[in-house]
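Number of protein chains: 2
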Amino acid sequence: MKEDQAVTALAALAHPQRLRIFRLLVTKGPSGLPASDIAEAVEASPTGASFHLKELDRAGLICGTRDGRYVRYAVSVEGMRKLLTYLTEDCCQGHPELCGGTVRRVRSLCKSKGA
Amino acid sequence: MKEDQAVTALAALAHPQRLRIFRLLVTKGPSGLPASDIAEAVEASPTGASFHLKELDRAGLICGTRDGRYVRYAVSVEGMRKLLTYLTEDCCQGHPELCGGTVRRVRSLCKSKGA
DNA sequence: GCAATGATACAATTATTATTGAAATATGCA
DNA sequence: TGCATATTTCAATAATAATTGTATCATTGC
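If you're matching them up, the sequences are chains A and B in order.
Residues in the first sequence are numbered from 1 upward in steps of one, following the working numbering.
Residues in the second sequence are numbered from 1 upward in steps of one, following the working numbering.
Hints may be right or wrong, so weigh each one.
The list cannot tell twin chains apart, which means a pair is met if one copy fits it or any two copies do.
[Said to hold, decoys possible] Taking lysine-lysine and the DSS-like style, the derived pairs with C-alpha atoms no more than 25 Å apart in a straight line are:
#1 Lys28 <-> Lys54
#2 Lys2 <-> Lys82
#3 Lys28 <-> Lys82
#4 Lys28 <-> Lys2
Don't read these hints as lab results, they were simulated from the structure.
These numbers come from a predicted model, not from an experiment.
Produce the entire structure from the sequences given, and follow the hints as far as they go.
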């Protein structure tokens, strides 16, 4: 995955309604949902939902296919996986036990305590 | 993790230099790097790097601690893990084999072929 | 204390993105 | 064909984020 693709995908997710849409579709799996159901679920107008769905599609995170008079959107598992891989690549210089094991318990000194 | 925290973290990553910084720090693990080394590595001005580092810190993705006259930034493994978990929660309605196994080979009909 | 280095804060400009409603397109069915 | 439903496009406005240079703060060593 290239940097600008990753940026596009992250920017697509960095919006409350789009993030809700994405997470909703993640739970639904490959079968997905029609756009109208999605709009209702995230309390968006048809126009707004369409805009956001297009952004997520353009980013490669979801995929819409027409199904009769509906357009059914589903998560793109490949797109999701590629993004997650890109974010975590070469974690801890080939010592991932630093991430998975020990470090999980390191006390953070950050201002952002919640994280 | 709350929605607005996730949006903040994703927005922080949705920027080329910040994404480069994050990935650089992911490879470095808990020891991290001084801000000046980071600025040089991603070809940012000191001012620019400081701005971006602050954004990532505010988002809970990295953590800066003063080390003499340097400020050393390291990835926040907790923050990273929480974000990834938030994105993939309840994947495929409790049938994650849809994500991990079969679905990996489903042919996508998306316009975005690369993803 | 003072100079040097590393890092941050501030403010102004510029660029990008979100939002909204009206109009247009696509499909299914009588 | 013509109507109803689902979805998208377009255009205008509003809101938000990025960029840059200057000034300021923090730490070390003389």
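Taking the hints in turn, this is what the structure says about them:
1. Taking identical chains as interchangeable, the C-alpha atoms of Lys28 and Lys54 lie at most 25 Å apart only when both belong to the same chain, with a minimum of 18 Å there against 36 Å between chains.
2. Taking the shortest alpha-carbon separations for Lys2 and Lys82, both the intra-copy value of 10 Å and the inter-copy value of 24 Å come in at or below 25 Å.
3. Taking CA atoms no more than 25 Å apart as the test, Lys28 paired with Lys82 passes in both settings, with 19 Å inside one copy and 21 Å between copies.
4. Taking identical chains as interchangeable, the C-alpha atoms of Lys28 and Lys2 lie at most 25 Å apart only when they sit on different chains, with a minimum of 20 Å there against 27 Å within one chain.
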